[in-house]
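A.B. asks: As a plain string of letters, each chain reads:
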Amino acid sequence: GAVVSQHPSWVICKSGTSVKIECRSLDFQATTMFWYRQFPKQSLMLMATSNEGSKATYEQGVEKDKFLINHASLTLSTLTVTSAHPEDSSFYICSASGQRPYGYTFGSGTRLTVV
Amino acid sequence: GQQLNQSPQSMFIQEGEDVSMNCTSSSIFNTWLWYKQDPGEGPVLLIALYKAGELTSNGRLTAQFGITRKDSFLNISASIPSDVGIYFCAGQSTSGTYKYIFGTGTRLKVLA
Numbered sequence: 003g004a005v006v007s008q009h010p011s012w013v014i015c016k017s018g019t020s021v022k023i024e025c026r027s028l029d030f031q032a033t034t035m036f037w038y039r040q041f042p043k044q045s046l047m048l049m050a051t052s053n054e055g056s057k058a059t060y061e062q063g064v065e066k067d068k069f070l071i072n073h074a075s076l077t078l079s080t081l082t083v084t085s086a087h088p089e090d091s092s093f094y095i096c097s098a099s100g101q102r103p104y105g106y107t108f109g110s111g112t113r114l115t116v117v
Numbered sequence: 007g008q009q010l011n012q013s014p015q016s017m018f019i020q021e022g023e024d025v026s027m028n029c030t031s032s033s034i035f036n037t038w039l040w041y042k043q044d045p046g047e048g049p050v051l052l053i054a055l056y057k058a059g060e061l062t063s064n065g066r067l068t069a070q071f072g073i074t075r076k077d078s079f080l081n082i083s084a085s086i087p088s089d090v091g092i093y094f095c096a097g098q099s100t101s102g103t104y105k106y107i108f109g110t111g112t113r114l115k116v117l118a
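Taken in sequence, the protein lines are chains A and B.
Just so you know, we're using this note's numbering here: the first sequence kicks off at 3 and counts up by one.
Just so you know, we're using this note's numbering here: the second sequence kicks off at 7 and counts up by one.
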């Protein structure tokens, strides 16, 4: 149990375009999902906490107008990188909080490359 | 963002050796989780700890939740080549949104 599906697994986009990443909890309801960003050989940095039916809570330094988060249902959260630039290229990972003993389950990540 | 101190940063070991890594924090945590991440993949949960002093095993892996609630360690016994990867600890904050904070990671390389 406690499977989180993330799509797409990789995407290449042109500078200035927007990209949407989906995160779904497949077998449980997740009132809270989290979005992380990971640069090569670094740890996961929390970008924002996504709450179903309400606005996301962004970490300090994360531009909420650039990284749009929508959590419209108990099983789906989306992250949209708007007007992407090469510096936005990174590995983006979502996670959802399930019941014990599953702890905190991650999606498989999305590698975004902006060219 | 806030991070936990995790050590060692990296280690090379021989196959069959035991491995130990730990995380420390200046803050108290309610929950400690240990993850392994393979290249290009999301982290996979190895062990979850929910109570101070708790010692939990998962196969060759053993982890403990420190009594002070400010640290945790992970041991891997009799390492094998597939243990290669990056190991992260994560602690759940007791304040604010109860979000998880991740350690800096331990990169493990096993020499056959």
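Derived from the structure by calculation, the hints contain no laboratory data.
Check each hint, because a few of them may be wrong.
[Unchecked claim] Under the rule of at most 16 Å between Cα atoms (straight-line distance), these lysine to aspartate or glutamate pairs were calculated in the EDC-like manner:
1. A:Lys22 <-> B:Asp44
2. B:Lys76 <-> B:Glu60
3. A:Lys43 <-> B:Glu60
4. A:Lys22 <-> A:Glu61
5. A:Lys68 <-> A:Glu89
6. B:Lys115 <-> B:Asp77
A.B. asks: Is lysine 76 (chain B) within 16 Å of glutamate 60 (chain B), Cα to Cα?
C.D. replies: At roughly 13 Å apart (the allowed maximum being 16 Å), glutamate 60 (chain B) and lysine 76 (chain B) satisfy the hint.
A.B. asks: Next pair to validate is lysine 68 (chain A) with glutamate 89 (chain A); report whether the Cα-Cα distance is within 16 Å.
C.D. replies: holds (12 Å)
A.B. asks: Is it true that the CA of lysine 43 (chain A) sits at most 16 Å from the CA of glutamate 60 (chain B)?
C.D. replies: Cα-Cα ~30 Å, so violated.
A.B. asks: Going straight from one Cα to the other, do lysine 22 (chain A) and aspartate 44 (chain B) come out at no more than 16 Å?
C.D. replies: Not OK: lysine 22 (chain A) and aspartate 44 (chain B) at ~24 Å, beyond 16 Å, violated.
A.B. asks: What's the verdict on lysine 115 (chain B) and aspartate 77 (chain B), does the C-alpha distance respect the 16 Å limit or exceed it?
C.D. replies: violated (24 Å)
A.B. asks: For a C-alpha distance cap of 16 Å, please report whether lysine 22 (chain A) and glutamate 61 (chain A) respect it.
C.D. replies: violated (20 Å)
The earlier numbered hints that this structure contradicts are 1, 3, 4, 6.
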